[in-house]
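S.K.: Hey, can you work out the whole structure from these sequences and the hints?
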Amino acid sequence: MPTRRKYLNYTTPWGVSLSPVAKAGWSAFLIHESGYQPALNDWNHQDVDSPFWRLYHNPKAGCHIRFHGEDIALGPDSFVLIPANTIFDCCGPVLACHFWLHFTVTRLAGEVTEAPVVLKATPLLKALVEATIETHQRPPDDLREQRLHHQGAALLHAVFAEWEMPPSPAMPERLLEVLSLIQRAPHSILSNGFLAERAGMSVERFIRAFREHTGATPAAYVLNTRLRLAGEALALTDKTIDEIAVENGFPNRHYFTRMFARQLGCGPAEFRARQHRRRGR
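The sequence shown begins at 1 in the UniProt record's numbering and counts up by one.
Treat the hints as calculated values from the structure; they're not laboratory data.
For each label pair, taking beta carbons as the anchor points, the in silico distance ranges come out as:
| id | residue 1 | residue 2 | range |
| --- | --- | --- | --- |
| 1 | E197 | N85 | 29 to 37 Å |
| 2 | H187 | A220 | 14 to 22 Å |
| 3 | L30 | T113 | 20 to 28 Å |
These numbers come from a predicted model, not from an experiment. Note that the Cβ used here is the ideal one computed from N, Cα and C, for glycine as well.
M.R.: In structure tokens:
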């Protein structure tokens, strides 16, 4: 009997290697919520400002968002992608038939303009959102949540495939490893010296390269990542504020509270209370 040989090559001469794109972070989404309401009353909210991204699609026309004085219609023929920290108004003059996703792009390097992006509702996007809405209309159970997670991820990948965003410049492998470390271990002592050593660079060269590829200094990037992860923990877990502070690299609750309030305009306790009120807890 001939010996069976393992095929160990990840790529072939005939396909398109996607490793560079995957490393650039195009496909890493952390989905916080998938929602659908067929007749949402009083969908009117001013100065919405969130540290996460949003995807909006309304199967029925009549509502819109307002950004810098411009009305952007929500309807069956479009999807609206809203990057984190984009300030806008929700305007619902009629009952809102509204689908949404709240999510974080966890590994997207480089700057993104804080402005809504309108995408045409292609047949693929329509099919994906219709399937997701159908799942929302089923009785709640663990299987439904799994389906919503996978369908939401599929929809986000399809949306980002349609978005004609200029490709991010290739990021050195060493910097990608540093970004991954910051994401995985926010509790660590992430000083410039430590991160530069992990990247195999001098501190000056590391800071320059980091800013060039991310648009922020290492210290600012670390702080923003810690605050984002802490905000997710406040909204989605029952951990104490002290626990969240320590787990995300803040020396104590008081320093965490000061940094959080400076960035988000309210303290961690108030932020958590707002999130719980929104979820009816």
